[in-house]
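Undergrad: Work the whole structure out from these sequences, hints included.
Here the protein sequences line up with chains A and B, keeping their order. Numbering that gives the first Met the number 0 puts the first residue of the first sequence at 0, with every later residue one more than the last. Numbering that gives the first Met the number 0 puts the first residue of the second sequence at 0, with every later residue one more than the last.
Check each hint, because a few of them may be wrong.
[Said to hold, decoys possible] Selected chain B positions facing chain A (in silico; Cβ < 10 Å):
#	residue
1	A36
2	F47
3	I92
[Stated by the list, open to error] Partner residues are not named here, just some residues of chain B that face chain A (Cβ under 10 Å, in silico):
#	residue
4	E18
5	M54
6	R60
7	G61
8	G62
[Claimed, not checked] Covered stretches of chain A, going by a simulated chain B footprint (3 or more residues, C-beta under 8 Å):
#	stretch
9	27-40
10	63-70
11	89-97
Hints listed in this document are in silico derivations from the structure and should not be mistaken for laboratory results. Positions of the beta carbon are idealized from the N, C-alpha and C atoms, including for glycine.
Here are the chains, one letter per residue:
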Amino acid sequence: MNYSLGYTLGRSMVFSRGDADALAYIAAVEGTGTSVSSTQKTAINDFYVAAKADSYYTSLKRLYLPIWASAAANAIDMIGLTSGTFNGGVTHAAGYVQGNGTTGYLVDTVNATAHVTLDNVFIGSLLKTNHGGAFDASIGVGTGGTSIILNSSATAATSLAGSAVGGTGQIDVGVASNSGISSIAFNGTTRRLKLRRTAGNTLLGSNAIASGTVPAVQFAILARQASLGVFSLHSSAEVGAAFISLDNGDTLNDAFTLALQNLWQDTTGLTLP
Amino acid sequence: MIGFITSPSTAAAVLAGIEQAMASRGLPNYWSCGKYAIYTGEHAGNMFLPFDDGMMATNLRGGMTPTDFPEFGQLVGFLGGLEARIDLDPQAIIDPNAEIE
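TA: Have a look at this one:
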């Protein structure tokens, strides 16, 4: 048996024994006519294995990895294999999607109430590069005290702000760059805004807030769904991943964002800023 | 931004047609042009369907773009043809009474 045949058979055997959810996601992506390399398959499998070993997998409700330069593949949720819907002007590039800042967004399939509760939420997004637009949402739902959202500040061009249910106002922090994996979590007592970059994971701010009401509409990515069918705060950011989860506490949340960083880097060949 | 101006009912019919085009092939509803209410300007009260050249070149799946689907021509024809598109000021689709934060 020559090396290439042995290698091919070996990879095939590895993936025939891979994590079942990883295999299902890979099959779904390939089913859209998108090629998935062996390196990407390994990275995807490693992600699922780590997520289950670290016990945060069951808390994940949606994970979009829009790296495939194809709308159908980018719309696939890695957790439930559901398909969100891209709307309007969205560029599907290798490694990320980019909204046009006016009409483009991805909307999830079910209401936020099906994913999170008023005192248990953890959402985030991966921005490939710094986004300087003011008051643009990378992921969000609702308005005011019922909003769950990550966005740039209304006042500072380079910034990161986030709300969780019940908060009056946002945690709003000026940063040198908002690229990286930003997240906001709320455990019913304290909300925490974090930014993971290659250099490390930073708690940008936290505060105690009261529990509020989860909006009964779907999350949007690259925008915010304010109320049913009304989308605003459209972003032209380059988004490489977005997730909706329950809050597992900082230790497991951090393990997840590190695994997400590895997943995105290993499937795209790009490096998180 | 480039697209069609149409009535709310026609906009809903077009989006339903796009969804049906995917459903008839056993596919989920993974892509749409989207529709936006117009709040201000001469087209207030109508809907805006974004339809610029970049969007029509979107890789939907396996290298196919919206224009590769036979239903595309039918839906565009329903809207008056590509020449019926206009360039709308993005401010027109922003609700001036919307809650900001």
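Undergrad: Which hints, by number, does the structure contradict?
TA: When the structure is compared with the hints, none of them turns out to be violated.
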